[in-house]
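Chains A and B, in that order, are what the protein sequence lines are. Under the numbering used here, think of the first position of the first sequence as 1, with each following residue one higher. Under the numbering used here, think of the first position of the second sequence as 1, with each following residue one higher.
In short, the hints are calculated from the structure, not lab data. Mixed in with the good hints there might be a few duds.
Unchecked claim - Here are the in silico distance ranges between beta carbons for each label pair:
hint	chain 1	residue 1	chain 2	residue 2	range
1	B	R129	A	R2	16 to 26 Å
2	A	R2	B	S136	32 to 42 Å
3	B	D236	A	R269	47 to 57 Å
4	B	R61	A	A410	52 to 62 Å
5	A	V359	B	R129	54 to 64 Å
6	A	S131	B	S136	53 to 63 Å
7	A	V426	B	E178	44 to 54 Å
8	A	R2	B	Y13	42 to 52 Å
9	B	S136	A	T348	22 to 32 Å
10	B	E253	A	W433	46 to 56 Å
11	A	T348	B	Y13	11 to 21 Å
12	A	L406	B	R61	54 to 64 Å
13	A	L12	B	N171	32 to 42 Å
Cβ atoms here follow ideal geometry from the backbone N, Cα and C, with glycine treated the same way.
Residue strings, one per chain:
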Amino acid sequence: MRMVWAIARKDLWLFFSDRRGVVVAFVTPIAIAAFFGFLFSGGGSSERAKIPLRVVDLDGSAVSLKILDGLSGEEALAVTPQESADEAEELVRRGKTAVAVVIPEGFGDAAAHAFFGVGARPSVRFLYDPSRSAELAMVRGILTRYVMEAVSSETFTARTGRKVVDDALAGLENESSMEEADRDALRNMLEGVRGWQDRVMDGGSEQASGTSGGPGSGLTIPFDVADEAVTAREGVKYNGYAHSFGGMGVQFVLFTAIELGVGILEERRRRLWMRLRAAPVSRTVTLMGKWLGGTLIALMTMGITFAAGILFFNVRVEGSWAAFLLLILASSLLASSFGLLLAALGKTPNATRGLAIFVVLLLTMLGGGWVPAFLFPAWMQKLTLAIPTRWAVDGFDLVTWRGAGLAQAALPVAMVLAFTALFAAVALLAFRWEED
Amino acid sequence: MSGLEAVDIVKRYGETAAVNGVSLGVEPGKILGLLGPNGAGKTTTVSILAGLLRPDAGEVRFGGRPVAGDAGEWKRRFGLVPQELALFEDLSAKRNLWYFGSLQGLKGEALDDSMTGALDFVGLLDRGRDKVGAFSGGMKRRLNMAVGILHDPEVLLLDEPTVGVDPQSRNAIFENIEALRRRGKGLLYTTHYMEEAERLCDRILIMDRGKIIADGTVSSLAAKLPAENRLVLEVDAEEGEWVEGMKTLEGIEDATFEREGLVLHVGSIAEGSAAALAFLEREGIALRSIESSRADLEEVFLTLTGRRMRDG
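Full structure from sequences and hints, please.
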């Protein structure tokens, strides 16, 4: 055990001998995690970011004005009227706005007729930034709501609706392909609507005038949405920093592992390894010493990263502290095994470093360390379960803001340890022991 | 044999035999020189002796017993001074010694004493706390040796320990090596510098292409040469028939006209030079300079292999 400690202690001395390097090793993950956390926490503001939307109203009808009013009052949107479609298109092209909606001339009238199947449906033009297509879907949904409300309101009130119903009834009489029974039923419905419109014009119905809802105010979405973020427990808010500190912690312990692996290759190149091998030290003790040194450095990196997250960015372990500490230990052991694997498979220090950096970035990216894995396509979410970093990052999510207990976190911990054992086994098999 | 020995060891890399049937023994109180050009197989031989490489055939013994195991006790009985400066430049000299001493099983006061003793031995006692990176090349070489002797081994394997050092440090290293011999240590000294082997070694093995091609003391090896001594004469004359006339003189065994001048191989320097000077006077050839030398290991190597040592 003394020799294991001697090897590990020497690696700690070497690590701390470069003070500038130590500062960089500890500060960099905190800085990057803070940046990602800032992004995923909504940029530090409690308000949701609004989608910038330009609306070009070429119609100017009551319907289009109602739509514009509705959109302007929507919390999720920052609506700015625009004079021309060309101007709007240029703004989208320059990235100044995510989406622009062009309401064509005659839209209100055509939409009201189309509501009863009379005439062609008018087109609303959507101009959108292809890099922000998620926002297009949102704007499309919101617009649909306000178009339905505006068109149906106009249709059921006398102002535009009477003419539309008259036209629909006239069209019905000329419809030869419809069966007589269907025609009668439709005629009855349209005449019923016309009767309703007459009452509205006469002011005979409070409900019909739209003061208390009902058809007079048009069709509305028949439900309300109550948003409720489900976190560890009631009162605990999601903190984007919790995820980013987990992700960056995992990434940077793997970076420390690169130093471990490349360090062994460098010792081999400079014949320091030869000297170690000439000493009465077994292979097991040699690797255990290296593993211990690497694990201690990884533990410090992970520990300091999370300590900064807890102290300065309100990261909280809402779940089991034991599971959290186990995950830190498992991730550090994983990193150390990864370092030994690099030493076993690598040839030269420089080539190994370059390749290893690429692999670590890939592992972190696919493990959800940069952006949460739920943003990945479904197939990729399944595929990345074969990557140890995915389990580590998910594990940290579980024990921090999701508030998981030891039992729930057992699977991620076990998976990280399983990958640790796999890496160590491959490293043992592939390690070159002979020195010439 | 009480020391470290190799018995008929072979190491192959594919079709090439880096070491081919080498046998040697390092005895207490003696310096065994392993001399040969770069690529001769010296370092591979040292690696096999140190247990870093497993031979394809033959065996290594210590005290007459075959050695075995990475952590075997036999490893405490020898020290290794590799050709490269195998030191951590970012650590102090003392921390380097602490690390390698701990690997040898030293601890506590014994380790402290060993560190102090080793630093004192190589003249670096006052630099123990300094980072190795700040040392000169010669100081690093001396520390490289200090690491090898830290645990007071019976046998020291020195692989080209003076490569790239200044004459002053080289002399200091020579004195250290001679002091270790006086202490009864057995030393294996590999080098491709003839003069080092001539100065230090009690016995010399000349190695070429993985094989030992000569074995003996400096004088016994020199005796294998067709002529032991030589004269180099710089003359005001072109090569001609007169050179053949020189060969017929008594006391002169061979004469060749080379770039450096007329090279004469002679049995006795005094007799040979007298005969040569008389001949030149008779022929009316002016003599600019004359230089005499005893045969050295370079000559031995040239004679044995037909190549100069530095040609590789």
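Hints and how they fare:
As the Cβ distance of B:R129 to A:R2 is approximately 23 Å, the hint placing it in 16 to 26 Å holds. For the pair A:R2 and B:S136, the beta carbons lie near 33 Å from each other, so the given range of 32 to 42 Å is met. A hinted range of 47 to 57 Å holds for the C-beta pair B:D236 and A:R269, which are about 55 Å apart. Range check, B:R61 to A:A410: Cβ separation about 54 Å, and the 52 to 62 Å hint holds.
Taking 54 to 64 Å as the suggested C-beta distance range, the pair A:V359 and B:R129 does not conform, at roughly 40 Å. For A:S131 paired with B:S136, a C-beta distance near 60 Å keeps the hint of 53 to 63 Å intact. Against the hinted window of 44 to 54 Å, the Cβ-Cβ separation of A:V426 and B:E178 comes to about 50 Å, which satisfies the hint. Checked against the given bound of 42 to 52 Å, the beta carbons of A:R2 and B:Y13, roughly 37 Å apart, lie outside it.
A beta carbon spacing of about 28 Å between B:S136 and A:T348 agrees with the range 22 to 32 Å that was offered as a hint. The beta-carbon spacing between B:E253 and A:W433, approximately 54 Å, falls within the hinted interval of 46 to 56 Å. At roughly 19 Å, the beta carbons of A:T348 and B:Y13 sit within the given window of 11 to 21 Å. Between A:L406 and B:R61 the beta carbons are some 57 Å apart, a value that agrees with the proposed interval 54 to 64 Å.
A:L12 and B:N171 have their C-beta atoms about 38 Å apart, which keeps the hinted 32 to 42 Å range intact.
Hints 5, 8 from the list above are not met by this structure, while the remaining hints are.
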